[in-house]
Every structure is written in structure tokens, then in C-alpha cells.
Amino acid sequence: MLAGILGQDAHTLALWDHVFAAIIVFTILGTMSLVLKSKLSPIPGGFQQLMEVIVEGLLDMLDDNIGEQGKKYLPLVGTLALFIFVANFLGMVPSFSAATGNFNTTVACALIVFIYYNYQGLKEHGLGYFKHFLGPVPALAPIMLPIEIISHMSRPFSLAVRLFCNISGEHLVSMVFYTQLFAWLIPLPIMCIGLFAAFLQAFIFIMLTMVYIGGAIAHEH
Amino acid sequence: MYKFLSLVGMFLVSGVLLAAEGHAEAAGGSFFGPAMAMAVAAGLCGLGQGKATMAACEGIARNPAAGGAIRTAMIIGLALIESLALYVLLVVFVKT
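Chains as they are written, first to last, in the numbering used here: chain F, 1 to 221; chain Z, 222 to 317.
By construction, these hints were calculated from the structure, which means they are not laboratory data. Among the clues, some could well be false.
Simulated pairs of lysine to any residue, SDA-like, Cα-Cα distance not exceeding 20 Å [claimed, not checked]:
(1) Z:Lys316 with F:Glu56
(2) Z:Lys316 with Z:Phe253
(3) Z:Lys316 with F:Lys71
(4) Z:Lys272 with Z:Ala260
(5) Z:Lys316 with F:Leu172
(6) Z:Lys224 with F:Val107
(7) F:Lys71 with F:Ser95
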């Protein structure tokens, strides 16, 4: 029915799985935020307390990793954290698919992080940001430059691959057990690990984001 | 040590020979290469994560007050080691 509305056949529509899942995720997050914002009170109810715990945890981590200026990166880091966390968890619910289980979504998140931390580094240091790539001693610059460039290029790739493979790998192994090995309760421990991995991968993603931002804006003394 | 390594080497070589046979029979190419690579990657990842967890347990046992920080560092280290095995899984995904 939806296929008829959009004018595509069902097979093409199934390729847009991750788009619809991402739309559902940010609809959930958006309505949650708007509802919470209209009900903010000095004596917090249950849900506001939960959100305060999350925000305080993020601020603590930002303070640990970036230092004093950590607070101004809270919007990006918080958005990424909530989006990836809710997207991963929604994939664990039986008939939903994970938005981050598709390589396109995770590459998008990783590219946002890559462009953002380079932009912040350029904003902080101006063109002197590129001196970071030359290494500690100017004599080592010809060796350090390709190494640094390769390691910086590998950062968004590793972020995207880590998140994608963790989430879709769990689905894949569950599918193999369901369809080929036909053991009804065996996927259960795999899905438990999948739940743990859903939280852990969101945490690792934003931890690495904070480390990269901190590294980009760091001032050597 | 050398006996163990030569044993592993014998298995790997025989695996390569079996893959060559399978490739001659099946026109579509064998799956043995990526599967073997994934097995080796998973095994080495297990060893690496075992060492990381062992160091974390010793650290917490010596200094329980620093348990939170050690636990955080261990979790980050485990995820980074895991991602190395996941790069090989990506090759498996691309292959099939």
C-alpha cells in the first residue's frame, strides 16, 4: 500500500528500510523532546530525571575528554548519542529494523563527525591546524605527514564500519540460526549480546568523537 | 612454541590446498578464503581481548578505588580490539 502511494514496487521500497527506520527514530526523539520541553519543572518527574541523568553523564564525559570547552560540543555529541542509541535499540524490537544496520546511515554519522572535528580544529587554530599533521619535531615531517593523513582518513571509516558491523552482524547471526540451523532458543544469547552491543557501540562512538574533537582543538603547551 | 606454530602452519597450508580443489569444482569460487580469514581474526581478537581483560582485572584487584576508571578503559579497549575483527567481517560481507 505504501509502495503504491510512493510509486515504487515492494522490492525497491525494501531498500529504503533504513530511511524509514531513521525517520521513525527521529520522530520518536523529536516528540519526546517537545513533550518534555513543555513540561519542564523545578521538581522533575520521572522522565525529566532520566534525561537529566543522561545529559549530566554526557557533560561529565565531555569534561573528562575535552576539558573546559567541552560544554559547547554537547548538542552534536548528545544528538549523535541519542540517535545511535535509540536506532540500535529499535532494531532489537522484533518487527523494526535498525537504522544503523545499513552502511549508509553509519557512514553519514561518521562523515558528520569527521567534518565537524576538522572544522572545529580549523576554527580554533586557523591554518595552524595543519601543523598538527607534521608531528612533534619538524625534522620528522616527511615521514609523519603520510602517516598522519592515513590515520585521519581511517577514522571515519573505522567509526562507520565498527557501528555497522556490530549492529548488522548480530542480525545476520540471528538470521542464520533462525533459517539454517533452526534452533529456537539459540539466538537468545546472541540477542542478549546484541542488546549490550547496542548500548556499547553508541557509547564507543561518542567517546571516540570526543577524543577526536579534543585532539583537534588541543593546545600544546 | 615452534611445534605449535608448525602445527598451525600445516593446517593453514592444507586449508589453502583444499580451497584450490574447491575452486576447481565450483564455478562461483569458494567461500573458504573469507571464512578462514574470519576464523583467524576472531581467534586473535579473542586472545587480544583476553589480555586486555586480564590486565583490567589485575588493576582492579590491586586498586579497587580506581575500579570505575579501569572499567571504562577496559570497555573502550575491548571495543577497539573488536573492531579489528569486524574489518574482516566487512570483507566477508563484501565477498558474498
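| message | Output the indices of the hints that this structure fails to meet, ascending. | response | 1, 3, 6, 7
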